[in-house]
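With chain L held as given, fit chain R onto it using these hints.
Number of protein chains: 2
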Amino acid sequence: MDERAALRLLSDELAAVGDDAAVVDGLVVTTDMLHERTDFPAGTTRYTAGWRAIGASLSDVAAMGAEATAAVAAYAAPRFDRDELLEFIRGAADVCERVGTEYVGGDLDGHEEFTVTTTAIGRTDDPVRRRGATAGDVVCVTGTLGRSAAALEYFERATTSDTADDRLVERANDLFRFAPRIPAGQVLASRATAMMDSSDGLARSLHQLAEASDCGFAIESDRIPIDDSVREVAATDDEALELATTFGEDFELVATLPETALSAVREAADVPVSVIGSVLEPDASITMDGEPLADQGYTH
Amino acid sequence: MDERAALRLLSDELAAVGDDAAVVDGLVVTTDMLHERTDFPAGTTRYTAGWRAIGASLSDVAAMGAEATAAVAAYAAPRFDRDELLEFIRGAADVCERVGTEYVGGDLDGHEEFTVTTTAIGRTDDPVRRRGATAGDVVCVTGTLGRSAAALEYFERATTSDTADDRLVERANDLFRFAPRIPAGQVLASRATAMMDSSDGLARSLHQLAEASDCGFAIESDRIPIDDSVREVAATDDEALELATTFGEDFELVATLPETALSAVREAADVPVSVIGSVLEPDASITMDGEPLADQGYTH
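Residue numbers (full-length UniProt numbering), protein chains in the order written: chain L, 1 to 300; chain R, 1 to 300.
No lab work stands behind these hints: they were computed from the structure. Please read these numbers as outputs of a predicted model, since none were measured by experiment. From the three backbone atoms N, C-alpha and C, an ideal C-beta is built for every residue, glycine too. It is possible that some hints are incorrect.
Quick look at which bits of chain R chain L covers, simulated, 3 or more residues with Cβ under 8 Å [stated by the list, open to error]:
| hint | segment |
| --- | --- |
| 1 | 26-38 |
| 2 | 67-79 |
| 3 | 255-269 |
Only some residues are given here: those of chain R computed to face chain L with a beta carbon under 8 Å [claimed, not checked]:
| hint | residue |
| --- | --- |
| 4 | GLU97 |
| 5 | GLY100 |
| 6 | VAL104 |
| 7 | GLY105 |
| 8 | GLY106 |
| 9 | ASP107 |
| 10 | ASP109 |
Here chain L stands alone, though its shape is the one from the complex:
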């Protein structure tokens, strides 16, 4: 059984599972485990790791349309280096501050691989689910896609270059930190029919929304907001589109809403909200420029 099969099993077993966060009693709760080998490429500072790990959980809170209440982390490492730990805490605290919430600490543990589990909690009386997208709605994404893909390329270039290039590492770390879309999520929540974050990549997110909402999507590639950094690292426009669509780990919001709601949402949101296509009837498939869009992406 692979992780996706196990996750399906979990959602059969537990009614609350299957959205970006569990909802209980007016609270949303989400937890994520990250490992050095798979989630923090060589060159990732502990400050960036703290920011990104906590940010990933806050992104799930944003995807429910909730305000953030608190975040914690369990931090495991082979040894506890004072500066590394302080940097991690500062990154964690800074991303919390960015979205108006509080990092309240956690657990420390000895472990051979640097491993972090973050948990974020939010509040909402009316969570936005993955189900609810309705034919005729527009499909939107916040911000731009592909920053993490570009970051990874910069980390890679920095480690393989003969001379250590601090600017590459710095640029990669900058791209690797992101603003969880808590404020935009709350704005979208008032009108969105369905919402999730793009952590598994846009393509996979669309497939997950389609499965939960029982709908199809018609996406137009030239409306996808590709981050400038992706164009810096991609050899061709096709490669840039591919990275922005399937790489994932971008933590933007993908939402569906009635077209009539669009201008109000755009006016209130603190980031650009791009329309990338429309919601189709239940028996329709998921296409980009009329071609089937594969369920391809990053499975965490």
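Relative to the frame of chain L, chain R by itself:
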């Protein structure tokens, strides 16, 4: 820097840290990471692992005197075996049900060592801290101490015996599951001046309470409620006392309260509440039967 030093650093850095759980906005939040090698001895079923991992976090909620709102787990393993995963979820769900809360799922992740991070959330308007113990108060513990020490001995005997003894393994698993003291914690909360759980062992818990409350303790060994299972595995009474006092991982509550509150607390609590000694003035030390009680126990 060892874990205790790092934890001290964390509590300097973050005002909210330093109790069993962080308190934010009427919520208490606590997170714990557990590993197969250090926390789940050979023979521990996944059902017991799920129960115990979630139970450990619920115990921290209990130690704050809060009601439990929800719990989640991030589950990492080299592979996802359907039965193992279901058993884990059932154990997690059952311990939540035992204390009237809900297991709402979590995250799955590939990792070479079976590793679980649990987070529990509770609510209280008036959390009980580790600071607040006052000279003249009595020191109490809920339930009995030493069950985990006995469990470990049974796990050990089962793996070293020539013939696999299922009854030993079953007994060990029984002892390894525990009822988080959520109801007793809420009863104690109304009158306790200070409280924490005994997960690091009674001796270390007393040192931590003393440090936070600036007090001493006079403990009487013959009043310590030693679990019957400890007497089964210990060769002598001294060994039984040692295991009950320093082994830890028992997840009982250690609380201080005015003697006048005792009968009301005992009447309302669903478990025995044993008086084991009294709180002394700030300049007094921590003694058992008049001898210094070492700060010895299990550091997680």
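Structure versus earlier hints - violations, ascending order: 3, 4 and 5
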